[in-house]
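Number of protein chains: 2
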Amino acid sequence: MLARECIVSAPGKVILHGEHAVVHGKVALAVSLNLRTYLRIQPGAAGRVSINMPNIDTFLSWDMSSLHALLPASRAGLQNAVEPDAAVVLKLREYAGLGDGLEDTRSLAVLAFLYIYLSVFAESRELPSLTMAVWSELPTGAGLGSSAAFSVCLSAALLASRGAIACSAVEAGQTARWSDEDLELINKWAFQGEKIIHGNPSGVDNAVGTWGGALRYLSGKIKPLSSTPVLRILLTNTRVPRSTKVLVAGVRDKITKFPAIMNPVLESIDPISCECERILMAMARGPEIQHYRVLEELIDINQHHLNVMGVGHPSLDRLCQVSLAHGLHSKLTGAGGGGCGITLLTPDTDSSVVERSIQELKDCGYDCWETSIGAPGVLHHSPSSLTEDVLKILNSY
Amino acid sequence: MLARECIVSAPGKVILHGEHAVVHGKVALAVSLNLRTYLRIQPGAAGRVSINMPNIDTFLSWDMSSLHALLPASRAGLQNAVEPDAAVVLKLREYAGLGDGLEDTRSLAVLAFLYIYLSVFAESRELPSLTMAVWSELPTGAGLGSSAAFSVCLSAALLASRGAIACSAVEAGQTARWSDEDLELINKWAFQGEKIIHGNPSGVDNAVGTWGGALRYLSGKIKPLSSTPVLRILLTNTRVPRSTKVLVAGVRDKITKFPAIMNPVLESIDPISCECERILMAMARGPEIQHYRVLEELIDINQHHLNVMGVGHPSLDRLCQVSLAHGLHSKLTGAGGGGCGITLLTPDTDSSVVERSIQELKDCGYDCWETSIGAPGVLHHSPSSLTEDVLKILNSY
Chain X
1 MLARECIVSA PGKVILHGEH AVVHGKVALA VSLNLRTYLR IQPGAAGRVS
51 INMPNIDTFL SWDMSSLHAL LPASRAGLQN AVEPDAAVVL KLREYAGLGD
101 GLEDTRSLAV LAFLYIYLSV FAESRELPSL TMAVWSELPT GAGLGSSAAF
151 SVCLSAALLA SRGAIACSAV EAGQTARWSD EDLELINKWA FQGEKIIHGN
201 PSGVDNAVGT WGGALRYLSG KIKPLSSTPV LRILLTNTRV PRSTKVLVAG
251 VRDKITKFPA IMNPVLESID PISCECERIL MAMARGPEIQ HYRVLEELID
301 INQHHLNVMG VGHPSLDRLC QVSLAHGLHS KLTGAGGGGC GITLLTPDTD
351 SSVVERSIQE LKDCGYDCWE TSIGAPGVLH HSPSSLTEDV LKILNSY
Chain Y
1 MLARECIVSA PGKVILHGEH AVVHGKVALA VSLNLRTYLR IQPGAAGRVS
51 INMPNIDTFL SWDMSSLHAL LPASRAGLQN AVEPDAAVVL KLREYAGLGD
101 GLEDTRSLAV LAFLYIYLSV FAESRELPSL TMAVWSELPT GAGLGSSAAF
151 SVCLSAALLA SRGAIACSAV EAGQTARWSD EDLELINKWA FQGEKIIHGN
201 PSGVDNAVGT WGGALRYLSG KIKPLSSTPV LRILLTNTRV PRSTKVLVAG
251 VRDKITKFPA IMNPVLESID PISCECERIL MAMARGPEIQ HYRVLEELID
301 INQHHLNVMG VGHPSLDRLC QVSLAHGLHS KLTGAGGGGC GITLLTPDTD
351 SSVVERSIQE LKDCGYDCWE TSIGAPGVLH HSPSSLTEDV LKILNSY
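Residue numbers (the UniProt record's numbering), protein chains in the order written: chain X, 1 to 397; chain Y, 1 to 397.
One or more of the hints may lead you astray.
Since the list gives no way to pick one copy over another, a pair counts as held whenever it fits inside one copy or between any two copies.
Unchecked claim - Cut-off 25 Å, straight-line C-alpha distance, at most; resulting in silico cross-link-like pairs (DMTMM-like, lysine to aspartate or glutamate):
no.	residue 1	residue 2
1	Lys91	Asp350
2	Lys195	Asp57
3	Lys188	Asp363
4	Lys257	Glu275
5	Lys257	Glu370
6	Lys254	Glu277
Don't read these hints as lab results, they were simulated from the structure.
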């Protein structure tokens with residue numbers, strides 16, 4: 001059934017500019033975050049499907065015959081990713097022993113797998129035995145697109161297994177990208193996975209996970225930037241929990257309370273995103289240190305604006321301060337009120353500065369990674385292209 | 001000559017909202033700061049004029065005959081405060097032994113005194129012997145209108161001595177205000193003093209020093225608010241020196257560099273001033289705790305905007321943080337880049353919180369006063385209305 005193993009990875013995402021403003025019809029810039037989710041599927045024990053997701057402590061195995069009973073009646077073509085309907089999701093929940101209301105990461109990941117697996121193979125009526133292992137560098141529930149990275153990986157690996165997209169062997173030590181057409185299909189199915197997990201996703205996260213680089217999002221329309229530089233950053237998770245819903249409502253209330261004061265702030269954020277886009281395009285042609293200086297200024301301005309909108313947090317102030325003490329500029333990314341922040345590293349940032357900053361941020365109780373934004377989207381990996389650590393984890397399942 | 005002693009005081013000023021934005025045609029709100037300058041003149045040794053300004057370590061005494069030689073030829077009526085011209089100022093500088101370029105606080109204060117003293121008594125051709133003592137609670141050069149408070153006091157005391165405005169005795173323990181007409185004249189002359197000291201002043205500082213309360217300043221037009229509440233604040237001087245000229249130029253450069261981003265910030269500051277004015281008027285009718293909450297929000301928003309404009313400073317961030325840790329809201333006032341900040345105290349601010357905040361701010365190396373804004377303008381004092389400390393200082397000269 002399954003010809004050979006397939007290893008894929010997809011990046012997370014961060015909002016570079018325009019979080020919250022996007023809710024009010026302004027441009028947002030989303031970029032890929034090179035903390036990646038890795039997924040391997042390989043031929044499994046005959047008649048069984050096993051999934052291993054050590055990040056979320058989830059290890060399940062099903063009998064093929066019981067899975068066959070779940071195959072959807074419709075045999076819609078693969079090209080039209082099928083919208084998950086409530087009845088189907090309920091049936092899958094029952095099958096997997098997940099209560100109706102359960103919205104935890106584990107339950108939703110299992111549902112997304114079952115849905116995409118069954119849908120992708122529905123037309124062929126043949127379900128392959130397989131073993132899947134997933135390992136992610138992304139924290140879950142931190143607004144970093146971990147669910148989208150997972151959905152993109154699921155979609156790419158299962159479509160490849162199904163032969164719906166190219167799946168030629170990748171040279172040792174190398175990675176390969178898919179064609180634009182294949183990426184379109186991967187993205188369509190990943191979006192369905194996101195719907196299972198999020199209900200009403202914007203589609204931004206799976207688009208970034210699929211195409212990588214940067215994209216501009218405005219009033220529901222997603223437009224990938226034609227070229228993006230890869231920029232080194234620190235990604236810091238303050239680990240302060242927050243509710244996106246409450247924060248979004250708070251911003252709305254503030255706009256209602258002080259429209260004359262708040263609307264201009266949104267008017268100012270819009271050109272920040274546009275100016276950032278312009279600079280990124282220029283950097284893709286040839287980065288100059290002056291570009292970095294402008295990016296730093298935009299980061300600072302937007303961070304102040306986000307504070308005006310009431311989505312700052314002392315933990316984020318501290319992130320900004322600690323990094324600024326080393327000459328580095330930071331802003332929150334995503335919902336704010338805690339959560340994550342990004343810190344731009346520049347070509348003139350000394351490695352000792354990076355190390356000290358990371359250490360001081362960790363001393364604040366934060367998680368901190370040195371990584372990059374603008375990295376490639378979904379990749380097809382040769383095993384030897386993986387780091388030893390990732391390979392070891394995937395190989396242990 | 002001089003019938004009796006005359007003790008006056010005038011407040012400093014802080015910009016509540018609109019600093020920097022005012023340069024770009026937006027509303028600014030200036031309010032009186034109840035750190036006051038006290039000035040006493042009394043009949044002096046016959047044939048001598050002595051001035052004692054211990055704050056700036058300036059103690060001078062002149063012979064009357066030499067001063068007579070300086071009396072301006074023109075005998076313009078007192079009602080038309082005479083614009084100081086360069087030639088006159090130069091002559092006064094020569095007389096006082098001040099080099100042409102000297103722009104230090106002492107030299108300018110001496111010049112302002114000589115100019116107003118000679119001009120006010122020019123028409124009468126009779127110069128009174130007098131001894132003047134000045135004591136100020138205001139730090140100089142901190143953007144708190146210390147020169148205007150001095151000019152207002154000079155103008156009020158000398159006009160009163162000249163009989164140009166009312167100067168009846170004030171009941172023991174009491175203070176008295178002047179009529180609107182007298183205040184107009186005081187302000188006119190104080191403005192001339194400000195011109196000596198600042199060259200091209202806006203007139204805001206002397207207006208606040210004269211009328212007290214709050215005033216709205218827009219495109220060169222000054223409009224006192226009809227009523228203002230007195231609000232308790234902390235006034236903190238970070239003692240970080242800054243150049244207003246450099247800061248103003250920096251804001252202009254930023255607007256030129258990012259017009260689409262920066263102009264909306266100015267658009268947002270304007271309604272902050274207007275909303276603050278509306279709240280102050282409502283509070284003058286009957287203050288409610290909700291009014292304070294709005295004032296706090298406006299302070300926070302504007303402080304972020306001022307940071308966007310690039311006029312923040314780590315010392316001001318620290319002020320905001322220290323006070324916020326006690327639930328108090330602060331913003332820079334004036335030019336920024338260091339300098340001073342104000343912290344709003346509210347009826348629900350416990351006195352222990354105030355004490356701890358002051359102590360912590362002092363521990364940062366800052367000067368910090370508990371005082372109020374919206375206090376009365378220039379006052380005529382009975383000696384017993386002064387605090388013992390102030391009276392002791394004035395009496396020692």
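Intra- versus inter-subunit Cα pairing at 25 Å for Lys188 with Asp363: The answer is neither: 41 Å in one copy and 59 Å across copies each exceed 25 Å.
Homo-oligomer pair classification [Glu370, Lys257; C-alpha up to 25 Å]: neither (40 Å within a copy, 31 Å between copies)
Homo-oligomer pair classification [Asp57, Lys195; C-alpha up to 25 Å]: Only inside one copy: Lys195 and Asp57 sit 22 Å apart there, 75 Å across copies, limit 25 Å.
Intra- versus inter-subunit Cα pairing at 25 Å for Lys257 with Glu275: between (29 Å within a copy, 11 Å between copies)
Identical-chain pair category, Lys254 with Glu277, by Cα at 25 Å: between (28 Å within a copy, 19 Å between copies)
Identical-chain pair category, Lys91 with Asp350, by Cα at 25 Å: neither (55 Å within a copy, 59 Å between copies)
Of the hints listed earlier, those the structure fails to meet are numbers 1, 3 and 5, in rising order.
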